[in-house]
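Protein chains: 4
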Amino acid sequence: MAISPSIDTAVKPSKPTQSNENTLRIGVIGYGYWGPNIVRNFHGQDRSRVVAVCDKSAKSLDRVRHTFPDVRTTNDSKEILTSPDIDAIAVVTPVWTHFDLAKTALENGKHVFVEKPFTVNAAQAEELIELAERKNLKIMVDHTFLFTGAVKRMKQMIDDGTLGQLYYYDSTRVNLGLFQHDVNVLWDLAPHDLSIMDYLIKEKPTAVVATGERHLNSVADIAFMTLYYPNNMIGHINVNWLSPVKVRTTLIGGEKKMLVWNDLEADEKLKLYDKGVQMTGDGVYDLLVSYRAGDMWAPRVEQVEALKMEAAYFVDCVMNNKTPFNDGVAGLHVVRMLEAADRSLQEKGKIIQL
Amino acid sequence: MAISPSIDTAVKPSKPTQSNENTLRIGVIGYGYWGPNIVRNFHGQDRSRVVAVCDKSAKSLDRVRHTFPDVRTTNDSKEILTSPDIDAIAVVTPVWTHFDLAKTALENGKHVFVEKPFTVNAAQAEELIELAERKNLKIMVDHTFLFTGAVKRMKQMIDDGTLGQLYYYDSTRVNLGLFQHDVNVLWDLAPHDLSIMDYLIKEKPTAVVATGERHLNSVADIAFMTLYYPNNMIGHINVNWLSPVKVRTTLIGGEKKMLVWNDLEADEKLKLYDKGVQMTGDGVYDLLVSYRAGDMWAPRVEQVEALKMEAAYFVDCVMNNKTPFNDGVAGLHVVRMLEAADRSLQEKGKIIQL
Amino acid sequence: MAISPSIDTAVKPSKPTQSNENTLRIGVIGYGYWGPNIVRNFHGQDRSRVVAVCDKSAKSLDRVRHTFPDVRTTNDSKEILTSPDIDAIAVVTPVWTHFDLAKTALENGKHVFVEKPFTVNAAQAEELIELAERKNLKIMVDHTFLFTGAVKRMKQMIDDGTLGQLYYYDSTRVNLGLFQHDVNVLWDLAPHDLSIMDYLIKEKPTAVVATGERHLNSVADIAFMTLYYPNNMIGHINVNWLSPVKVRTTLIGGEKKMLVWNDLEADEKLKLYDKGVQMTGDGVYDLLVSYRAGDMWAPRVEQVEALKMEAAYFVDCVMNNKTPFNDGVAGLHVVRMLEAADRSLQEKGKIIQL
Amino acid sequence: MAISPSIDTAVKPSKPTQSNENTLRIGVIGYGYWGPNIVRNFHGQDRSRVVAVCDKSAKSLDRVRHTFPDVRTTNDSKEILTSPDIDAIAVVTPVWTHFDLAKTALENGKHVFVEKPFTVNAAQAEELIELAERKNLKIMVDHTFLFTGAVKRMKQMIDDGTLGQLYYYDSTRVNLGLFQHDVNVLWDLAPHDLSIMDYLIKEKPTAVVATGERHLNSVADIAFMTLYYPNNMIGHINVNWLSPVKVRTTLIGGEKKMLVWNDLEADEKLKLYDKGVQMTGDGVYDLLVSYRAGDMWAPRVEQVEALKMEAAYFVDCVMNNKTPFNDGVAGLHVVRMLEAADRSLQEKGKIIQL
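Protein chains in written order, with the working numbering: chain A, 1347 to 1700; chain B, 1347 to 1700; chain C, 1347 to 1700; chain D, 1347 to 1700.
Careful, some of the hints might be misleading.
Because identical chains cannot be distinguished in the list, a pair is counted as satisfied if it fits within a single copy or across any two copies.
[What the hints assert, rightly or not] Derived DSBU-like pairs (lysine-lysine); straight-line CA-CA distance at most 30 Å: (1) Lys-1617 / Lys-1498; (2) Lys-1602 / Lys-1617; (3) Lys-1694 / Lys-1501; (4) Lys-1550 / Lys-1696; (5) Lys-1424 / Lys-1405; (6) Lys-1694 / Lys-1602; (7) Lys-1694 / Lys-1548; (8) Lys-1592 / Lys-1550; (9) Lys-1694 / Lys-1668; (10) Lys-1602 / Lys-1668; (11) Lys-1654 / Lys-1405; (12) Lys-1617 / Lys-1548; (13) Lys-1449 / Lys-1696; (14) Lys-1498 / Lys-1602.
It is worth saying that the hints were derived from the structure and are not from the lab. The model shown is predicted, which means the values in this text are computed figures rather than measured ones.
The shape of chain A in the complex, shown without the other chains (with noise of 0.2 Å):
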């Protein structure tokens, strides 16, 4: 610890954080590239406050002091983990350590807001959610993107019967960097797609064919995945971690409309083409093809931070015991599916049912 006792002591009360109806007290383990947010957002919000941050790095726990001089810091994750002045913990950690750090949360009683993907097989999602369940806890997975208002609106768009019955969801989302040693780009990327083609889409898909090569490392950079899904519903993924451009794009197709949500841009994130395609005639022959090209229309979409509607959401839930549409098994669909797309990869194609 760099600040000094004194100050430290002016701060921080020595006293654990009393428990208080109406706020709900968080400890977050990891302060890396997301930790941050993380911390901001739930910190910032009346109904929640971050006591403490653990991280192993000397130089994040400096960050943290310096930004939140009331947070206190460790580098010890077992002092959060078993404090009794905290009520929930935020993993923001690796995913090979989500199981451990979940596991042992919930087993001191604590709700757990935990970053995705949720765990690095379904097994352990499984016995996570049957711990808390047993415990009568929260899991909520970070699952971002379903609190944007470009995800909301479109899901708003796909139940309301806008686009008709969905024929594709086309996602691309590549870029320079970043590499992970312990996960490959499908686990890196692909769960936010998953997590939102979960969410948007009603039935569940069947079977999994994944593709991929590596070129610098023991893990696959670039990566395609194709679902199938029932009633010749496809989807596609495609991943990519050596892309000279950022792409955020993705195409959904539907019997009535056809929707783009390009996530890059600032104002018009989704447009909806009046655009489709006929076929009348019942023999080969006789097919009479009519595309239908009408007018585009860019809805207005919600603007607010997405992590800070979550946040809230998540003390929602826990508060007034509600179960999270992003919860545990919402987590545990998603990495069934990157499971499956995993040995997929492995064997060149090979289709894995779900």
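Go by the hints and put chains B, C and D onto chain A.
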């Protein structure tokens, strides 16, 4: 059509167009979507002229006579295939007719310029190649994109080592329509990419995985194709007839530089990025990833009409007995990949060795 | 004339093209950059045909004969202006020649279709208008943009009150070239904007301010024009021959909605924004500004070739004795604004009342 | 605000912050839109710290205390202007208050960092410059853009002759809002462009023409400004508070190359075009125009936060007694151009000599 037979006679000599060492006499079969461009380009250059055009539609032939009053028209392909005043046949018809037309043309001693894809299967392509060789005739498959300024410039940059070892080639080629009844979206759109990849990439693919789905018809309207190459190079093609927006973008990742080809850009079709990733260290946890993000450079690209260049090249190959690089063998390569992709698509992503 | 008389005779009747109540016989003077489009469109429709084309360049006439073997060619404009088998003259020549050619045409009883800008000054325009009226002949000035789907759609949206009271019209029309020796960049590029503004905006401008500069030539190659309208509406035009990029973007601000017209977009040329500003309160410091940012909507825009529509409209106006909305008077409005802008430019921004 | 006075006392020393040769002690007046950035940057660097912040709004001061618990707050500017533990004052208030605040600061021996535009008229600016000189104090005007990677790179390319002699500088800076009650859109948005032009262009403008209009308020919300320079160089600025889209694009034309700066691009803000025009021949009709269209090059631009660089530069100038290039004189240049533009605007485009 208003032009009377007498006028017709006035402008079209009844005696055969005379052979001329300096002019290649061409007969065109098919005057649908692409035919007019073929006729315009073979007719508009010094060393070739279109003698006759065949189409089954009277309306199409009317259009020929309106635009090219000096060109003979017929609805009987035999007339063209056997005509003594024709040196070469351009086959601009649906793919399932290519084999019969090209075969008859070759048997009648005529060179063949044929639309892509070359044939419906590899066996047909091989038979035509063998026949042409035996009769010392030329086959050129219309892989027009190989004659664009953009592809020529990319060829240069790959051949001279600018990009370094290739990591991936990832093409997205989607739009609304054009539905075809007899072939799926792979046979319609992927030949462009496959012929370009065959031209640009030194190594040949070793295996193919394809997935896709159909929604309105008996053929797939959306499909994804992965091509495995030696040395971890990977190819990917995304084709879609049901996209609300038109996309023609290819990302090429290399060891030294990366390239984006956006064919819909008017001026800056190619963008070369001085970006890359380097890994140092030898263990999993020693690995240091460093990204390089430098300038972007958009080389000027030749703006000549590709088909004009290709038509001149065909004439040159025939007249000077040169083997075109886009010959029957190049066409066969593309057909083999399409056949493999079709089998893989049928079996939901099963890998097909080439 | 390069084509031999015998062939010439074969395809071109020696007797004059017969008058026909249902076909307007057109003579075209000028076959440079725009002439081929004029000929193609007047020749390609049912109710008119191009009888003869005049150009001083033998090469241009060769091109006419190659593309339109049935059209008479000449390098003597008199021949066309006085020909008894011609009903209307299209004047597609540099602006300083318009007056003499149009005047002779009218004097010879021929209707006139003339390129923009109409004449080099208002006096000439007024004389031609008066002459046409006296002889009961039509003048149409080729303000092609008025026939585009985009301008027609904007006209609709302004007329039906969608935008509310107009605040400003701000056009940027820049690119590299085309330099002209006899007119400055305002006379070359601004007529498009001025004719569109004259068409879209109900009120007429009351004064003009223009600034600009010349760099390579004796005429301005970059210029900026402000038009003052009643009710605080303001117009602005930015034209530039020395821009490295091509821009064709117009912003239109209205009390209720705002519009962006990007003519270089393939599909979404018009974007209507449900955005606005409202002021409440009555003192300077009580003022409350509220912004409204809603949906964006890109209405489908008709894709027909504008010149084709305009050519048909010209024929219709002549045959049915209708006054075109883009008549000589409309042309005169544009010329008056250009004259005023020229004076202002000369005097470095001095305001010129209209 | 939840923090009790006692805690307030705990973190803020009641004795003055000690002078330190290595740390510049800064007082900030104004904590509205831009103030938080000023505080963050002066507080976040090694060689300066923010000692106190003044704002009239209690809510703003709450925000200061929440984010910077160790910074003193007050609603009385005198307290800061006269405080003995403050070396320099940052004036981040509306322009009409700059003169009084800066004057008092200088009179109290404090260096001044002041928002743009410097003052409401040239006389005020001159008085402050004279006062600072007399008291050997520094004035820096916050022309933040001069510290961006893009402007620094352009400066380099203009200074090293890459563009050749400049022909024009044409900036479009439009968006929806921000309305200000006390200044018009020129004073709000054009200072960015004017300070950049003053920095990039060696010659000084000789005259100004401005036009514009107001629609909702007593001040112009849309305006256009032309600046005449020696040697036919021309400048143009288009500013608009009522645009539905945000545009930040500047075209710079030079004899040798041309530049487009799009500040809204994430990565490729600058594009240098190897394009140009050459005229040969000596008479009007002998003139031969030739266009050169070559490669485009997007140099990598430094991505550091501009204000961070500027804050460090201010500290460096004060501590090492250097005259900043964005000093009071630079601020005066901008104010003079704004004054001239205002007069021209008032008189509807009358040219104002500088």
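Consistency of the hints with the structure:
1. Lys-1617 / Lys-1498: both (14 Å within a copy, 24 Å between copies)
2. Lys-1602 / Lys-1617: Both ways: Lys-1602 and Lys-1617 sit 14 Å apart in one copy and 22 Å across, limit 30 Å.
3. Lys-1694 / Lys-1501: between (33 Å within a copy, 29 Å between copies)
4. Lys-1550 / Lys-1696: both (19 Å within a copy, 22 Å between copies)
5. Lys-1424 / Lys-1405: Classified as within; 20 Å inside a copy, 39 Å across copies.
6. Lys-1694 / Lys-1602: Answer is between; shortest inter-copy Cα gap is 27 Å, intra-copy 35 Å.
7. Lys-1694 / Lys-1548: Result: close both inside a copy and across copies, 29 Å intra and 22 Å inter.
8. Lys-1592 / Lys-1550: Answer is both: 29 Å inside a copy and 29 Å across each meet the 30 Å cutoff.
9. Lys-1694 / Lys-1668: Result: close neither inside a copy nor across copies, 42 Å intra and 40 Å inter.
10. Lys-1602 / Lys-1668: neither (35 Å within a copy, 43 Å between copies)
11. Lys-1654 / Lys-1405: Classified as both; 26 Å inside a copy, 21 Å across copies.
12. Lys-1617 / Lys-1548: Answer is within: at 22 Å inside a copy they meet the 30 Å cutoff, but 33 Å across does not.
13. Lys-1449 / Lys-1696: neither (34 Å within a copy, 39 Å between copies)
14. Lys-1498 / Lys-1602: both (20 Å within a copy, 28 Å between copies)
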